[in-house]
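Engineer: Residues per chain are reported as follows:
Number of protein chains: 2
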Amino acid sequence: MKITNLEKQVAFIKEIDKIKYIQRKTKLFNSERRENDAEHSWHLAVMAMVLAEHSDKTIDLLKVLKMVLIHDIVEIDAGDTFFYSTTKDHKNTEEELVAAKRIFGILPEEQAEELITVWEEFEAGETDEAKFAKSMDMFEPLLQNFSNNGGTWVEYDVPYQKVHDKKKEIKNGSTTIWNYAESLINEGVEKEFLKK
Amino acid sequence: MKITNLEKQVAFIKEIDKIKYIQRKTKLFNSERRENDAEHSWHLAVMAMVLAEHSDKTIDLLKVLKMVLIHDIVEIDAGDTFFYSTTKDHKNTEEELVAAKRIFGILPEEQAEELITVWEEFEAGETDEAKFAKSMDMFEPLLQNFSNNGGTWVEYDVPYQKVHDKKKEIKNGSTTIWNYAESLINEGVEKEFLKK
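As you go down the protein sequences, you meet chains U and E in turn. Heads up: the first sequence is residues 174 to 369, going by our numbering. Heads up: the second sequence is residues 174 to 369, going by our numbering.
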């Protein structure tokens, strides 16, 4: 019996439900509760919608939304890697690529290929859309940590310079958002969330 | 001191974090854990991406994504109304409109107006995009209930006819998805999830 496109898509829709169980290190705003990947992806999508005007380049918002909505689906197999991890490279693309092929591979072939390509474009971070999507991915936890008296910065004793160096990638997508983010990071030093 | 667009947008980004605490009646797939509005909205967005080909009409996917991503933000003030509630009309637009104006009103004026308009278009359910977005909103909990041995249908003793009548709205967006959904509902009767 031939499996229809819709049946494959429904199987995919069920499979990706699992990202609701994948906990990030970062907590919700003013909260003790860790955020999960579905909540995080939703937040990035709405952020991209409302912050698009600050992109340094003209972007295809639909492409950006696709990127942020699916960027963490690979973590169903590969797990979440802490952004400031000192033991594991955040860009563990080998393990994540296998995951992308398995999970997006549940979809009809053409659609699977399209989404793997979108995911790879995000990961590579070279196009204007990927740069802006990554800015969102960097900006949300920065805002969360700031609202949580330093959050994971304090919890894991992350030094100022590391935060500044890594978050500076926001500038690739938006100078305006980076300037704002940098001022928060500096304020974080004053408030002793970050040690210089 | 003039509040910049970015500052208003950041205030909005913080405010909408609250939908992560709004619990729906429906539970995650094969799960005892209730879904929250952020997870639900994320899931609808990815569903819209992968199911768009089944829309009966040509749709602007970006518009559909905006709709599903923001459609439940009003519940921060108005709360979630159970789809099969016998005491409260699901379309409590008066209370929800006040909520929409307050919450989207945190954004810069033009942007607030745009999102209120998108939300109203979704609620009215008259355009092709709104019809398809609403199909997604109907289809996800149906799949979840089916994966949970009847889920809220059994928990709240919802009769077959009510489910069939209400879910038939899926057909406004997609005949293909409705045919599939209807076959699941009928299977739900066989499995005694639904009483005829």
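A couple of the hints might just be wrong.
For chains that are exact copies, the list does not tell them apart, and a pair is met inside one copy or across any two.
No more than 25 Å apart at the CA atoms, straight line, and that leaves these computed lysine-lysine pairs for DSS-like [to be verified]:
id : residue 1 : residue 2
1  : Lys191    : Lys369
2  : Lys187    : Lys364
3  : Lys181    : Lys230
4  : Lys274    : Lys344
5  : Lys175    : Lys344
6  : Lys364    : Lys341
7  : Lys236    : Lys175
8  : Lys344    : Lys200
9  : Lys369    : Lys187
10 : Lys191    : Lys335
11 : Lys274    : Lys175
12 : Lys191    : Lys368
13 : Lys236    : Lys344
14 : Lys230    : Lys274
15 : Lys175    : Lys339
16 : Lys335    : Lys364
17 : Lys368    : Lys230
18 : Lys187    : Lys339
19 : Lys181    : Lys364
20 : Lys364    : Lys230
21 : Lys339    : Lys274
Hints were generated in silico from the structure; no laboratory data involved.
Engineer: Now tell me if each hint is right for this structure.
Structural biologist: Going through the hints against the structure:
1. Lys191 / Lys369: This pair counts as neither: shortest intra-copy Cα distance 39 Å, inter-copy 33 Å.
2. Lys187 / Lys364: Answer is between: at 20 Å across copies they meet the 25 Å cutoff, but 44 Å inside does not.
3. Lys181 / Lys230: between (36 Å within a copy, 22 Å between copies)
4. Lys274 / Lys344: neither (31 Å within a copy, 32 Å between copies)
5. Lys175 / Lys344: between (48 Å within a copy, 24 Å between copies)
6. Lys364 / Lys341: within (20 Å within a copy, 55 Å between copies)
7. Lys236 / Lys175: neither (31 Å within a copy, 33 Å between copies)
8. Lys344 / Lys200: within (24 Å within a copy, 39 Å between copies)
9. Lys369 / Lys187: neither (46 Å within a copy, 27 Å between copies)
10. Lys191 / Lys335: Neither: 31 Å inside a copy, 30 Å across copies.
11. Lys274 / Lys175: within (21 Å within a copy, 49 Å between copies)
12. Lys191 / Lys368: Answer is neither: 37 Å inside a copy and 30 Å across each miss the 25 Å cutoff.
13. Lys236 / Lys344: within (19 Å within a copy, 28 Å between copies)
14. Lys230 / Lys274: Classified as neither; 30 Å inside a copy, 31 Å across copies.
15. Lys175 / Lys339: Result: close neither inside a copy nor across copies, 48 Å intra and 30 Å inter.
16. Lys335 / Lys364: within (17 Å within a copy, 56 Å between copies)
17. Lys368 / Lys230: neither (34 Å within a copy, 56 Å between copies)
18. Lys187 / Lys339: For lysine 187 and lysine 339, only the inter-copy Cα distance (22 Å) is at most 25 Å; the intra-copy one is 34 Å.
19. Lys181 / Lys364: The answer is between: 23 Å across copies meets 25 Å, while 51 Å in one copy does not.
20. Lys364 / Lys230: neither (34 Å within a copy, 54 Å between copies)
21. Lys339 / Lys274: neither (28 Å within a copy, 37 Å between copies)
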